[in-house]
Amino acid sequence: MTDSATVTDLISERLIPFPSPHFLSAGDLNPPAALGLLDLADAFVDFNRQSAKSLDLMHGRTVVNIFFENSTRTSSSFEIAAKRLGADVVTMPVSASSVAKGETLIDTAVTLNAMKPDILVIRHASSGAAALLSQKVGCAVVNAGDGRHEHPTQALLDLLSLRRAFGDVGGLTIAICGDIAHSRVARSNVILLSMMGARVRLIGPPTLVPGDADRWGCEVFHDMREGLQGCDVVMMLRLQLERMEGALVPSTREYFRFWGLDREKLAWALPHARVMHPGPMNRGVEIDSDVADDLSVSLIQDQVEMGVAARMAILASLANLRGAAR
Amino acid sequence: MSAVAILNARLLDPATDYAGPGALLIEDGRILEVVRGAATQVPAGIEVVDAGGKCLAPGLIDIRVKTGEPGAEPKETLKSASLSAAAGGVSTIVIQPDTDPAVDDPAMVDFIQRRGVALNLVNVFAAGAATKNRDGQRMAEIGLMDEAGALYFTDGDKVIANSRTLQRVMSYAAAFNALIACRPADPWLTEGAVATSGELATRLGLSGAPAIAERIQLERDLALVEQTGARFLVDQISTAGALETLARARAKGLEVAASVSINHLCFNEIDIGDYRTFYRLDPPLRPESDRQALIEAVRDGLIDVITSAHAPAPAEDKRRPFGEAAPGAVGLETLLSAALMLHHEDGLELLDVLRPLTHGPASLLGLESGVLAKGAPADLVLFDLNAPVVVDAAKLKSKSKNSPFDGRMLQGKVLGTWVGGRRVF
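Protein chains in written order, with the UniProt record's numbering: chain A, 1 to 326; chain E, 1 to 425.
These aren't lab readings, by the way, just hints derived from the structure by calculation. Warning: the hint list may mix true and false statements.
[What the hints assert, rightly or not] Partial selection, computed: residues in chain E whose CB lies under 7 Å from chain A: (1) E199; (2) R320; (3) G323; (4) E324.
Note that beta-carbon positions come from the ideal geometry of N, C-alpha and C, so glycine has one too.
Whenever a hint applies, use it, and build me the whole structure from the sequences.
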């Protein structure tokens, strides 16, 4: 392992200004910026594996996590990332307080803005909520998932996990499987993985794949056997049971039979294929535990670890951009 | 009441297909004489208005206006709506029944119309609810409301999903020759939708409804019209597919009229752009091909009425994420200027633009206005066809400022509005 001083030097060398004032969409990145963030995140991965995990890159900066939807995983990941960078972090339990009293998102934004945070991290059930907030505040806004629109930090951490597993994503064939229609993870990953040169396929039942998804520059399959052939990566999506307005699939057992990933279906992909899942998983619905827990094929635990490093890279770069602007 | 002569005007009368120079003589609230051609000699003692060669047309009739009164006055009152109408060249407004309480009995119809008379600005009429409290289940007092002066019957934006209820409403209304209006939108396909299904909606992550939801419901409605013999208005048609269905029904001889909102003639789904909630409309904005089809339908007369679809929503209802924002836009004050863009930019003849704003709704609702003819009410609008107008939503007379035209430059400016011979703007 690299020693402590070297890691800190590496981080300083690799620190780049974020390419956009906010991080609302995977489309806010371009290939050089994405590669720069990945290099920085790699240094943070090493740093995070040390026993002492405290930096002062964001000393004096305030990061506010505002989650209008429950999310232990993403919220904790952002909180840990900001704390390791030395920022002051506040996580707002909004669903329980002001919103219940009828306060609108913009009222909340204006109130928070008056407290002069440096970065707002927002998750909201409505598409476009992060973009709306970004227009009303003076600080940087990071989209931690807005409705069924985008989840760009997830895409960056997925890219980081893939680069560490494969070296380069250019030329990889990646299948995103399951509930594409309701997935913000899928939308951000299609943008970012395609931008970095991967071939992206979408696989799912016709009721869960938007009718015009073939215009996203992806191949669309409704049959797992056809779709998985020749794939290097199988990215499973959570079946968004809570988002479904009606009976989009007849039953979870039928769904698992045709679109759930088990050993048999995984065998249709390339022998070295790796499996991903943004979590939390519905075991036995979209993925079999046998596959999910097999560390020789599953990148799922790596994704969680890379999540903290990728978010540290994003927060540090955004703070660096704003520092440069001052 | 004293007499007024408006001279040196360019008369535009879709009812008689006249577009040319002329003058009007007004007395006791009605048009006493229409002079076509060069200016006439005016008897002494008459007030003279020199139109300066500008356009003089029948005042606009807007059959789809929402207010907040009664029940939600901070959104819009009958007074603020009337002031907006006057400033937009609209001399007659028909209030939608979706107030709180709903306009579903004769006393409510009477209240709206008395209030309109007391305001003494523009003509105010009510549309009655087709079902009690617009619940889609129990038929409202259509006969009594008709007697009280309701001009037509509708549940507004609510679709009467229960086919048996609609069948009964239509059959019953036929006894009074009452007009029934319905929004064509399959309630199951459109449930929760805020955009039209397609590439844009999926990219923005907005829940969309397919355009076919409109045609499916219209097919059902027209089947019931055919069975019951009701007079029927397709309210807010917005897709090319539904226009084809409408054309087939007309060809079969069904007495079916159709209206379109000015928003769907002026904007397409791309205007949603960066989640701009002023473009969150119901029905949602459609692709450009649908907009073009609607313009053609106005040109060839398949569409009878253009409405403002005036739907005031205060800032707190619009300053929300797109999917949570209230649908609708104000439009009374910009209706004429926006419609004239169909002439300037889309090449429609002036009379073809004005017909569905004047004569079309008048003949549908049996009103005397909407025409420049001897004996007709002197409800008029004078406008400069070419003057540019930059819309500033903050300055609109409506209490709510949710205008999708905010900041846009339109061409065509209202110079004056007369209602019953009296200048109200």
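Point to revise | Hint check, G323/E versus chain A [nearest Cβ-Cβ separation less than 7 Å] | key: G323/E check passes; min Cβ-Cβ to chain A is 5 Å, inside 7 Å.
Exercise for review: For the hint on E324/E, just tell me whether its beta-carbon gets within less than 7 Å of chain A.
Suggested key: holds, 5 Å
**Study point:** Interface hint compliance - E199/E to chain A, C-beta minimum distance less than 7 Å
**Key:** holds, 4 Å
Review point. Regarding the hint that R320/E lies at the interface with chain A, is the smallest CB-CB distance below 7 Å?
Key: Holds. Min distance 6 Å.
The structure agrees with every numbered hint stated previously.
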